[in-house]
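*Asks:* Letter by letter, the chains look like this.
There are 2 protein chains.
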Amino acid sequence: MPNKAVILLSGGLDSTTVFAIANREGFDGYALSIRYGQRHAIELAAAERVAASLRAAEHVIADVNLNLFGGSALTGDIDVPKRERVADLPPGIPATYVPARNTVFLAIALAWAEVLEATDIFMGVNALDYSGYPDCRPEYVRAFETMANLATKAAVEQGRRTTIHTPLIELTKAQIIERGLALGVDYGLTHSCYDPGSDGLACGSCDSCLLRLKGFSEAGAIDPIAYKERCGVA
Amino acid sequence: MPNKAVILLSGGLDSTTVFAIANREGFDGYALSIRYGQRHAIELAAAERVAASLRAAEHVIADVNLNLFGGSALTGDIDVPKRERVADLPPGIPATYVPARNTVFLAIALAWAEVLEATDIFMGVNALDYSGYPDCRPEYVRAFETMANLATKAAVEQGRRTTIHTPLIELTKAQIIERGLALGVDYGLTHSCYDPGSDGLACGSCDSCLLRLKGFSEAGAIDPIAYKERCGVA
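One line per chain: the protein sequences are G and S, in this order.
Start counting the first sequence at 717; every next residue gets the next number (the numbering used here).
Start counting the second sequence at 717; every next residue gets the next number (the numbering used here).
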C-alpha cells in the first residue's frame with residue numbers, strides 16, 4: 717500500500733506541481749486546502765479541480781479565520797499592490813505576507829497527518845523567486861520539522877517522525893513549470909492571481925500574476941489561463 | 717505603555733491562572749480562545765467570563781475545525797474516559813490528546829501577536845500533573861519558539877523576537893491553585909470538565925475534574941464550582 721502524504725493545496729501553480737511530484741514519488745495524496753479568510757473563493761474552486769484531476773485520495777477544506785487579525789493584503793485590509801513588471805518588486809517582505817500563515821497551515825497539516833498516520837507533508841514553498849517570505853526559507857522549514865517531531869503522540873510514543881517535503885524550495889518559477897509540464901500538469905486548472913475580477917479572471921499585474929507570467933515566458937511555454945488585462949509577458 | 721501579550725485562554729483553571737500572572741507581570745493581556753470543534757460551548761463561555769473579570773484588553777475567539785480530522789475524545793469521536801481517582805490514570809498519552817492542538821493554538825497566537833506587534837505569548841501548559849501530552853513539555857515549547865523566530869516578518873525584518881511564556885510548566889496543580897488564589901483569581905468563573913452535563917455541571921470523574929479536585933484538596937482550598945456527581949475529593 718502506498719504511503720499517505722498530506723499535501724497543502726492552494727490551487728495555485730506551485731502546490732499543484734508539488735501534488736504531481738508527490739504522486740510521481742508514489743504517495744497517496746491527501747489534499748488539504750485552508751479557507752483562512754481569503755478575499756476570493758476562486759482559489760478554493762481551483763484546489764477542488766486540481767485535487768480531482770490529480771486523483772487525491774481525499775480533499776479536505778479546513779477553516780481558520782486569520783482575517784480576524786488583519787495585517788495583510790491577502791486577508792483583506794490592505795490593497796494588493798499592482799505593478800508593470802517583476803523588476804518593479806520592491807525589496808523586503810511583500811504586503812501580501814500573511815502573519816504566520818505557513819506556521820498555521822503546517823500545524824493543521826500536522827494534525828491531519830497524525831490522524832491519518834501519515835509521516836509526510838508536502839508544501840509548495842519557494843525561496844528563490846519570491847524570497848521575501850520568511851516562512852518559505854529552508855531554515856524555517858527545518859525548524860518546523862524539529863518542533864513537529866517533539867509535538868505529536870505519533871512522534872513521541874510511536875516513533876513516527878514527520879518529514880516536511882518542499883521539493884520546489886530551490887527552483888525558479890520557470891523550473892517549477894518545466895517540472896510540472898513534464899509530469900503532465902494541466903496549469904489551466906490552477907489559479908494564482910491575488911486580485912481576480914468578479915468574472916474570476918486573473919488581473920495580470922499583481923505580484924503573483926507577474927511571477928507566473930515571467931515563469932511561463934522563461935520556460936518557453938504558454939500560460940493556458942485567461943488574463944483580464946493582457947496575455948503577454950511581464 | 718505596558719507591553720501587549722497574547723494569552724491563550726481556554727477558560728480552564730490553568731489558563732486563567734496564567735492570565736492573572738501576566739497581569740501581575742505588567743502585560744496588557746489580549747485573550748485568545750480557540751473554537752476547535754469542542755463538544756461544548758461551556759468552555760468558551762467560561763473564557764468570556766474570565767477575560768472580563770481579568771480585564772483583557774481584547775478577547776478574540778478564533779475558529780479552526782480540527783474536528784474535521786477526528787482522532788481525539790475532545791473533538792468528539794472517542795468517549796471521554798471516566799475514573800474513580802487520579803491514581804487510576806493509565807500511563808502514556810491520554811485519549812483526550814488532540815493531534816497537534818498546541819501547535820495549532822500557538823500558530824494562531826503567533827499570527828495575532830505579529831499583527832498586534834506583541835512579542836510575548838502566554839500559555840498554561842503543564843508538564844508535571846498531566847505529563848502525558850507531548851506538546852506540554854519544555855523541549856516542545858522551546859522548539860516552537862525557535863521556529864517562530866524564523867517564521868515571521870516581525871522577527872526576520874524587524875528583529876522582534878517572540879517569547880513563549882509557560883509559567884505553570886513545572887508546577888503541580890496544587891501550586892497553580894495556590895498561586896492563583898494569592899493573585900485573587902475567582903476559580904468559580906472557570907470550567908475544567910471534559911464532559912459536562914447538559915446543565916453545564918462538571919462531571920467530577922473525567923481526568924480533568926479528578927486533577928482539579930486533587931489540586932484543590934492538596935492546596936487546602938475549596939473548589940467553588942458545582943459538580944454533578946460529588947463535591948468531594950478524588
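One thing to keep in mind: the hints can contain errors.
Note that identical chains are pooled: a pair holds if it fits in a single copy or bridges any two copies.
[Stated by the list, open to error] Once the Cα atoms are required to be at most 25 Å apart in a straight line, the calculated SDA-like pairs of lysine to any residue come out as: (1) 720 - 789; (2) 720 - 811; (3) 944 - 764; (4) 930 - 900; (5) 944 - 805; (6) 720 - 784; (7) 944 - 799; (8) 930 - 920; (9) 720 - 916; (10) 798 - 861; (11) 720 - 809; (12) 930 - 879; (13) 798 - 831.
For the record, the hints were derived by calculation from the structure and aren't laboratory data.
It should be emphasised that the depicted structure is a prediction, and the values quoted were computed from it without experimental measurement.
*Asks:* Please go over all the hints and tell whether each is borne out by the structure.
*Replies:* A quick look at each hint next to the structure:
1. 720 - 789: Between copies, since 24 Å is at most 25 Å while 34 Å is not.
2. 720 - 811: For residue 720 and residue 811, only the inter-copy Cα distance (23 Å) is at most 25 Å; the intra-copy one is 35 Å.
3. 944 - 764: within (22 Å within a copy, 47 Å between copies)
4. 930 - 900: within (20 Å within a copy, 62 Å between copies)
5. 944 - 805: Close inside one copy (21 Å), not across copies (62 Å); limit 25 Å.
6. 720 - 784: between (33 Å within a copy, 17 Å between copies)
7. 944 - 799: within (14 Å within a copy, 64 Å between copies)
8. 930 - 920: within (11 Å within a copy, 63 Å between copies)
9. 720 - 916: neither (33 Å within a copy, 40 Å between copies)
10. 798 - 861: Neither: 35 Å inside a chain and 35 Å across chains, both beyond 25 Å.
11. 720 - 809: Intra 34 Å, inter 24 Å, cutoff 25 Å: inter-copy only.
12. 930 - 879: neither (31 Å within a copy, 40 Å between copies)
13. 798 - 831: For residue 798 and residue 831, the Cα distance is within 25 Å only across copies (23 Å; inside one copy 41 Å).
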